[in-house]
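S.K.: When you get a sec, could you build the whole thing from the sequences and use the hints?
The chain contents come next:
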Amino acid sequence: QSNQVYKSSASSVYCIHHQQRFQKTQRQYRIMDQLSPEQRQAVLMQAQQEANQRIMQDLIQRMVKTCFNKCAGTSGERLDSREQSCMASCQDQYLETRAQVQKSLEQRQSSGM
Amino acid sequence: MPWWGGGSDDSSSASAATKDFTSDDATSAGYGASENIMTSGIGSGGGMAELQQASMVLQQQMLVQQVIADLTDKSYEKCVTSKPTDGLSGSQVACIKATVNKWLDANEFITGRLAKKQQMQSQQGQF
Chain A
1 QSNQVYKSSA SSVYCIHHQQ RFQKTQRQYR IMDQLSPEQR QAVLMQAQQE ANQRIMQDLI
61 QRMVKTCFNK CAGTSGERLD SREQSCMASC QDQYLETRAQ VQKSLEQRQS SGM
Chain B
1 MPWWGGGSDD SSSASAATKD FTSDDATSAG YGASENIMTS GIGSGGGMAE LQQASMVLQQ
61 QMLVQQVIAD LTDKSYEKCV TSKPTDGLSG SQVACIKATV NKWLDANEFI TGRLAKKQQM
121 QSQQGQF
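Read top to bottom, the protein sequences are chains A and B. Under the numbering used here, the first residue of the first sequence is numbered 1, with each subsequent residue one higher. Under the numbering used here, the first residue of the second sequence is numbered 1, with each subsequent residue one higher.
Misleading hints may appear alongside valid ones.
To be verified - Pairs of lysine-lysine residues, derived as DSSO-like cross-links and limited to a Cα-Cα distance of at most 30 Å, are as follows:
no.	chain 1	residue 1	chain 2	residue 2
1	B	74	A	65
2	B	116	A	65
3	A	65	B	102
4	B	83	B	116
5	A	70	B	83
6	B	117	A	103
It should be emphasised that the hints constitute simulated quantities derived from the structure, not laboratory data. Being a predicted model, the structure only gives us computed values, none of them experimental.
M.R.: Spelled out as C-alpha cells, the structure:
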C-alpha cells in the first residue's frame with residue numbers, strides 16, 4: 001500500500017529513502033517467515049531482553065546522577081565512607097520512590113482516568 | 001483508556017506495563033518491563049504479524065518506562081529533599097503520589113485546553 005504514496009510524492013530523494021526503508025522491513029519480515037516458531041520466539045525474547053537491559057541501564061544512570069548530586073562532596077580524593085553510606089540510602093530511597101510512582105500509576109489506571 | 005493514551009481496553013495489560021518484574025525472571029534482570037512480549041499473547045500469524053505486534057508492544061513499553069523514569073526523577077527531586085535515611089516517610093510517600101497525579105492532571109489539562117483552542121480556531125476559520 002505504501003508504494004502508492006511513493007508514486008505521488010514530488011521528491012525522488014524522499015521516494016528512494018522510504019523505498020529502502022520499506023524494503024528493509026520487508027526483508028526482516030521475510031527472514032521471520034523462514035524461521036521456525038521456536039526460532040521466532042527466541043528472536044522476540046532476545047528483543048525483550050535487550051529492551052530490559054536498556055531500561056536497567058537508564059535506571060542506573062539516573063540513580064548515579066541523582067545520588068552523586070545529593071551525596072558527593074568536593075573534598076578528598078575518593079568517595080569516603082560517609083558519602084558511600086549516603087549513596088546507599090539515596091539509592092534505596094530512589095528505588096522506593098520508583099516503586100511508589102509505579103503504584104500510583106497503577107492506581108490511577110484502575111480508577112479509570 | 002490508559003493514561004499513556006493507548007487504545008487497548010485490556011486493563012490487566014495496563015497495570016502490567018507499569019509494574020517491574022520481581023526476582024526470578026531471567027529475562028528481566030529485575031527492573032525491566034513486565035508487559036513482556038512473551039506474555040502479551042502474540043499469535044502465530046506468520047512472521048510479519050509477529051514482528052509488527054512485538055514492535056508495538058516494545059514501543060509501548062519504552063513509552064511507559066520513560067514516563068516512570070521521568071516521574072521518579074521529578075518525585076525524588078520534589079519530595080525526598082532531606083538527607084537520605086532508611087526508607088521513605090509517610091509524608092514523602094503522600095508527596096510522591098500527589099506529584100504523579102498532578103503531573104497526569106497537568107498533562108490532561110494542557111492537552112485538553114490545546115485541543116479546545118484548535119477546535120475554536122478551526123471553527124472561526126470557517127466564517
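S.K.: Does each hint hold? Answer for all of them.
M.R.: A quick look at each hint next to the structure:
1. 74(B) x 65(A): Measuring from Cα to Cα gives roughly 13 Å; hence the hint holds.
2. 116(B) x 65(A): Cα-Cα ~39 Å, so violated.
3. 65(A) x 102(B): Holds. Residue 65(A) to residue 102(B) sits at ~25 Å (cutoff 30 Å).
4. 83(B) x 116(B): violated, 44 Å
5. 70(A) x 83(B): holds, 8 Å
6. 117(B) x 103(A): Roughly 34 Å between the alpha carbons, so the hint for residue 117(B) and residue 103(A) is violated.
Against the hints set out earlier in the document, violations occur for numbers 2, 4 and 6.
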